[in-house]
Every structure is written in C-alpha cells, then in structure tokens.
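Engineer: When you get a sec, could you build the whole thing from the sequences and use the hints?
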Amino acid sequence: MSLGPAEVAKIAHLARLAIRDEDVPAYARNLSAILELVEQMNAVDTAGVIPMAHPLDMAQRLRADEIGESNQREQFQAIAPSVEAGLYLVPKVIE
Amino acid sequence: MHEKTIALLGAGLAAGEFSSEELIGAFLERIARYNPQLNAFITVTAESALAQARVADQRRQCGETGPLLGVPIAYKDIFCTNGVRTSCGSRILDRFIAPYDATVVEKLAAAGAVMLGKTNMDEFAMGSSNETSFYGPARNPWDLEAVPGGSSGGSAAAVAARLTPGATGTDTGGSIRQPAALCGITGIKPTYGRVSRWGMIAYASSLDQGGPMARTAEDCALLLGAMAGFDPRDSTSVDRLVPDYAASLDRPLDGLKIGLPKEYFGAGLDSEVARVAESAIAEYRKLGANVIEVSLPNSQLAIPAYYVIAPAECSSNLARFDGVRYGYRCENPKDLLDLYTRSRGEGFGAEVKRRILVGTFALSAGYYDAYYLKAQQIRRLISDDFRRAFEQVDVIAGPTSPTVAFNLGEKVDDPITMYLSDIYTIAVNLAGLPGLSLPVGFVGQRPVGLQLIGNYFAEDRLLNVAHRYQQVTDWHQRAPAAFA
Chain H
1 MSLGPAEVAK IAHLARLAIR DEDVPAYARN LSAILELVEQ MNAVDTAGVI PMAHPLDMAQ
61 RLRADEIGES NQREQFQAIA PSVEAGLYLV PKVIE
Chain L
1 MHEKTIALLG AGLAAGEFSS EELIGAFLER IARYNPQLNA FITVTAESAL AQARVADQRR
61 QCGETGPLLG VPIAYKDIFC TNGVRTSCGS RILDRFIAPY DATVVEKLAA AGAVMLGKTN
121 MDEFAMGSSN ETSFYGPARN PWDLEAVPGG SSGGSAAAVA ARLTPGATGT DTGGSIRQPA
181 ALCGITGIKP TYGRVSRWGM IAYASSLDQG GPMARTAEDC ALLLGAMAGF DPRDSTSVDR
241 LVPDYAASLD RPLDGLKIGL PKEYFGAGLD SEVARVAESA IAEYRKLGAN VIEVSLPNSQ
301 LAIPAYYVIA PAECSSNLAR FDGVRYGYRC ENPKDLLDLY TRSRGEGFGA EVKRRILVGT
361 FALSAGYYDA YYLKAQQIRR LISDDFRRAF EQVDVIAGPT SPTVAFNLGE KVDDPITMYL
421 SDIYTIAVNL AGLPGLSLPV GFVGQRPVGL QLIGNYFAED RLLNVAHRYQ QVTDWHQRAP
481 AAFA
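The listed protein sequences correspond, in order, to chains H and L.
The first sequence lines up with residues 1 to 95 when you count with this note's numbering.
The second sequence lines up with residues 1 to 484 when you count with this note's numbering.
Just so you know, the hints here were simulated from the structure itself, not pulled from any lab data.
Where is the CB? At the ideal position from N, CA and C, for every residue including glycine.
The reader is advised that the hints may include incorrect statements.
[Said to hold, decoys possible] Distance ranges between label pairs, derived from CB positions:
hint	chain 1	residue 1	chain 2	residue 2	range
1	H	Ser-32	L	Leu-8	50 to 60 angstroms
2	L	Ala-479	H	Lys-92	55 to 65 angstroms
3	L	Gly-25	H	Ile-79	26 to 36 angstroms
[Claimed, not checked] A few chain L positions that, by computed beta-carbon distances, are all more than 10 angstroms from chain H:
hint	residue
4	Leu-8
5	Ala-32
6	Lys-107
7	Tyr-135
8	Gly-229
9	Pro-333
10	Asp-335
11	Leu-337
12	Asp-338
13	Ile-378
14	Val-443
15	Asn-455
16	Gln-470
Structural biologist: Below is the structure:
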C-alpha cells in the first residue's frame with residue numbers, strides 16, 4: 001500500500017505528531033517503502049493460525065490490592081516542565 | 001587494569017591487589033581520554049562512581065565478597081538511574097532526571113557493581129547503527145569511520161575500547177547481539193521474561209529484553225546471574241530459579257548438537273562473513289559437536305512481521321511522552337493539541353517518528369486485521385519453526401549479522417537497507433528465545449560475530465557453548481590497536 005501526503009497528515013494527527021509540511025513527501029515515500037516490505041507477509045496463507053501476542057504462554061498475574069507505593073509527588077513534579085501549587089500546568093482547555 | 005576481564009578484576013579486588021577506588025579511577029581516566037573520539041558515553045558519573053567505589057571497598061573490609069563487588073559497569077541510557085539523566089538517546093528526555101532506579105540497576109548495585117556512566121544508543125533503541133541518537137553516533141573502536149552497530153552501540157564501543165569491562169544493553173530486534181558482533185565483544189539477549197523490564201524505557205514491550213555485554217562469556221555469566229530473576233513490578237517477569245551460570249561454563253561439548261539454518265547462509269550474506277562463520281563451526285566440530293543442517297522456513301518473514309509488531313507497540317508506548325508531566329515541552333503552545341503535537345514533533349527524531357506513524361497506521365480502523373493480526377500469525381509460524389528445530393538440536397548457530405560494520409552515513413538515509421542488518425536476530429525476539437553473539441574472527445579490520453540461539457531459558461547452555469570456544473581461541477582477547 002502506498003501512502004500519499006494527505007494520508008500521512010491524517011496518521012500524524014492520530015499520532016499527535018507535528019510534521020513540517022516540507023518533510024511530508026519524504027515520510028510518505030519512506031512509509032510506503034516500509035509498508036511494501038511489510039506486505040511480503042501476504043505471500044503466506046495464515047488462515048487458521050492462532051495469532052501470537054506474547055512469546056510465553058502465561059496468564060497475567062494478579063496481586064492483592066494493597067498499597068505498595070508511597071506518595072512522591074514533589075519528587076515527580078520536580079522534573080515537570082511547568083507546575084504550580086502541586087498541579088501540572090497546560091494551556092487553557094475550557095474557555 | 002583495563003585489559004582485565006570482570007572475572008580477573010573481581011579476583012584482583014578479592015586478593016587486595018588494588019582497591020575499587022583505584023580501579024574506578026583508572027577507568028574514569030580512560031573514559032576522559034578516549035570518549036571524545038568514541039562518543040560511547042552520553043553521561044559520565046565520575047563523582048558518584050568514586051563514592052560508590054569507596055562504599056564497595058568498605059563493604060569488602062566488612063567481610064562481604066562477590067564477583068561484582070567494586071567492579072565497574074556502564075548502563076545503556078535506557079535504564080533509569082535515580083538522580084542521573086536518563087535520555088534514551090532522545091531530545092525529548094534530554095533533561096529527564098530519573099526519579100528511581102531500574103530493577104537491573106538496583107540488582108547490580110546490590111551486588112556491588114559501580115556505575116561509570118550512561119552509554120550512547122539509538123533513539124529509544126530504534127536503529128542498528130547508533131546514528132539515530134540525539135547525541136550523535138558512537139563510533140566503532142576498530143575503525144572510527146565505521147558504526148558500532150545498534151541500538152546498544154555505546155555499550156558495545158565502550159566495552160571493546162576497554163572503557164568499561166562490562167555494560168548493560170537491551171535487545172528488541174538484535175540490539176545487544178548486532179553491536180556486540182560489530183564491535184568484537186560478547187553479548188547475550190536472555191529469554192523474554194528472564195530479566196526485569198521495570199525501569200527500562202519501553203520500546204516494544206512484547207520483544208524488549210535487557211542483558212549483559214562484556215568481553216567474554218564468563219563475564220556475561222557473572223553479570224546475567226546478578227541481573228536475572230523474578231520481579232513483581234514487571235507483569236511479564238518469569239518466576240523461575242536463576243541458575244549459577246558460572247558453574248556450568250566448563251561443561252564439555254561432546255555430543256552437542258548444533259543446527260545450522262540453511263536460510264541463514266543464503267543470499268544476502270557477505271561471502272567473507274560466511275567464511276569466518278564456517279571456520280568457527282569447524283572449531284566446534286573439533287570440540288566434539290555434531291553439526292547438522294536445520295530449516296527455519298519462515299525466516300524471510302521475520303523482518304516484515306517485526307516492522308508491524310514493533311512499531312505498533314512503540315506507537316502505544318511512546319504515547320506517554322506528551323510534554324505535560326516530564327520531558328521536552330515546546331515553546332509557547334497555543335493550545336493543548338499544539339502542546340502535544342509540537343512537543344512530540346520537535347522532541348522525537350525522524351526514525352522514531354517513522355515507527356510511530358507506521359504503528360499508528362497498522363492499528364488504525366480498517367487496517368488492523370491486514371497488518372497487526374497478520375503479523376501476529378506470522379509470529380506464531382516463526383516461533384513454530386524454532387520449536388521444530390529444537391526437537392533436533394541443542395543450539396542453533398549462524399552469523400549474527402550479514403555484514404561486518406558498515407561506514408557511518410552509509411545506510412542512514414535508507415531505512416529498509418538498515419532494517420536488513422537485523423535479518424538473523426529479529427526472529428529470536430519474535431519467538432522470545434535467548435540469543436548470544438561472540439567474536440569469531442575478522443574481515444579486514446572489522447570483527448565478525450557468531451550467533452548462538454538456545455531453547456527457552458537455556459542461557460546456561462549458550463554461555464557454556466560460547467565459553468568453551470573462548471577457551472581454545474583468542475578472538476575475544478583481541479583489542480583495537482588504538483585502545484589496547
């Protein structure tokens with residue numbers, strides 16, 4: 001499958017990635033080449049093959065619902081781009 | 001001291017020949033002298049290294065022993081280190097000071113290993129040459145015009161140049177084994193679930209696995225013994241006893257069955273690399289191994305399936321980098337969407353963006369079955385190929401990489417050609433098996449690695465098979481002339 005500039009822009013929006021207009025054609029070219037590579041998979045009939053999501057056949061572990069972590073808000077907020085009064089600051093969301 | 005292996009350094013410390021403080025001082029001097037040429041370290045933690053060394057010396061005075069007590073180690077900059085920048089090779093984490101230690105770091109520190117610093121890597125471990133690093137590429141100590149491989153290229157270059165006797169790496173599609181091969185060192189990717197992923201920045205969570213890189217299999221055994229084990233904080237960690245890897249190194253190889261996949265010796269393999277790999281196999285015959293041909297018929301589908309599964313998982317994992325709670329934030333965002341898209345657009349490099357876009361596309365409505373589901377079915381076929389092969393043989397052997405180290409800049413503009421560099425390593429991650437690369441010769445000045453693939457949790461066997469080879473050969477002792 002070949003992707004054009006409009007499709008790249010749509011996928012970039014879904015991925016929340018700003019791509020400069022002048023870079024879009026190169027991404028379209030590279031992504032199309034990657035999809036062409038990936039589509040070699042179609043040479044094999046996989047009807048009835050059970051998809052493998054994980055290398056080991058294991059069940060997800062459960063644990064008791066107990067508090068294991070302490071509150072480290074100050075330490076975590078010390079590395080944030082912008083905080084005030086214990087809150088993370090972002091541009092206004094609701095007018 | 002820099003020419004000694006971890007095993008010998010541990011013995012020297014135990015015998016009181018030198019202190020950890022002296023040892024760490026000597027390695028820090030080498031880093032200061034050689035790192036400007038190699039760019040193997042992103043961050044050097046000189047002060048804390050000397051402080052940790054003094055603590056290790058005190059621990060020894062108090063009667064503590066252990067093969068890693070006071071021994072230097074470098075961490076790939078993907079492992080979170082409390083209070084130390086953990087960049088993952090990316091602009092988006094350039095100023096990220098990790099607020100905690102990864103389990104691997106915690107365990108090695110508990111064993112007394114002393115952190116020298118954080119090593120260079122492809123951005124978010126996405127690359128095979130170290131050239132996608134925000135900090136510029138590390139260089140190959142055997143030839144400064146050559147790439148060290150990737151993504152754990154800084155770790156491989158640092159070990160090969162004797163700037164550290166050991167380092168950690170991570171391997172999602174070959175990122176420990178391929179740089180180990182290209183730099184002439186030994187590295188092992190353990191079975192998926194053997195080493196905790198907690199605090200290891202995620203790329204593709206069903207494939208990522210941490211492991212050691214060092215000069216010898218014996219050193220890898222010592223490091224892996226300390227790194228491996230169950231961790232309740234990693235939901236896919238396996239609760240299974242960690243064997244004493246060092247204890248089984250000397251087991252004879254008489255009757256060992258080695259399988260050579262015919263698909264790993266076909267088109268695409270450099271003929272000189274093939275010749276070197278075949279001479280290593282001949283050495284194994286002399287050591288008593290039986291060598292037979294096996295087939296992994298779906299090998300050619302590993303790269304296509306990987307470039308759906310890994311990008312799909314990466315697009316999900318890297319969604320957390322949004323410019324809000326930590327990491328890079330763009331200047332003057334006009335609204336929340338602008339903050340997200342520009343922080344990510346400016347913070348991530350081109351290869352990371354490519355993979356996020358591929359993954360987002362493969363998971364988007366209407367394409368999921370054709371790409372993601374199909375790739376998971378292929379993954380099953382590849383895993384079944386290995387299962388059948390291991391009914392016939394104990395280990396599988398072949399070249400780690402189809403070529404020796406290529407030149408800087410040679411493949412950087414052509415993602416597809418770069419991806420083919422991992423053609424023999426990727427299937428191992430898809431199946432979740434352990435794989436090891438060891439140095440077995442040279443083409444010109446550039447090293448060649450042999451890959452050994454084992455059955456699930458057969459790390460002890462792989463280390464044993466590599467160690468026996470290193471007892472009768474000296475490729476692992478060769479040092480690049482400029483850094484000897």
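Engineer: Confirm or reject each hint.
Structural biologist: A quick look at each hint next to the structure:
Here the CB-CB span from Ser-32 of chain H to Leu-8 of chain L is close to 53 angstroms, well matched to the stated 50 to 60 angstroms. Between Ala-479 of chain L and Lys-92 of chain H the Cβ separation comes to about 60 angstroms, which falls inside the hinted range of 55 to 65 angstroms. Against the hinted window of 26 to 36 angstroms, the Cβ-Cβ separation of Gly-25 of chain L and Ile-79 of chain H comes to about 31 angstroms, which satisfies the hint. For Leu-8 of chain L, the condition that its CB be more than 10 angstroms from all CB atoms of chain H holds, with the nearest at approximately 36 angstroms.
At roughly 28 angstroms, the least C-beta separation between Ala-32 of chain L and chain H is larger than 10 angstroms, which holds for a residue marked as non-interface. Non-interface call for Lys-107 of chain L relative to chain H: holds, since the shortest CB-CB distance, roughly 18 angstroms, exceeds 10 angstroms. At roughly 19 angstroms, the least C-beta separation between Tyr-135 of chain L and chain H is larger than 10 angstroms, which holds for a residue marked as non-interface. The Cβ of Gly-229 of chain L sits about 15 angstroms from the closest Cβ of chain H, beyond the 10 angstroms cut-off, so the non-interface label holds.
The Cβ of Pro-333 of chain L does not lie farther than 10 angstroms from every Cβ of chain H; its closest approach is about 5 angstroms, which violates its non-interface assignment. The claim that Asp-335 of chain L lies off the interface is violated: its Cβ sits roughly 5 angstroms from the closest Cβ of chain H, which falls inside the 10 angstroms cut-off. Not every C-beta of chain H lies more than 10 angstroms from that of Leu-337 of chain L, the closest at about 7 angstroms, which undercuts listing it as non-interface. Not every Cβ of chain H is farther than 10 angstroms from the Cβ of Asp-338 of chain L; the closest lies at roughly 7 angstroms, contradicting the non-interface assignment.
A beta-carbon of chain H comes within 10 angstroms of the beta-carbon of Ile-378 of chain L; the shortest separation is about 5 angstroms. No Cβ of chain H approaches the Cβ of Val-443 of chain L within 10 angstroms, the least distance being about 27 angstroms, so the stated non-interface status holds. With a minimum CB-CB distance of about 13 angstroms to chain H, Asn-455 of chain L clears the 10 angstroms threshold, and the non-interface call stands. Its beta-carbon lying about 29 angstroms from the closest one in chain H, Gln-470 of chain L satisfies the requirement of being farther than 10 angstroms from that chain.
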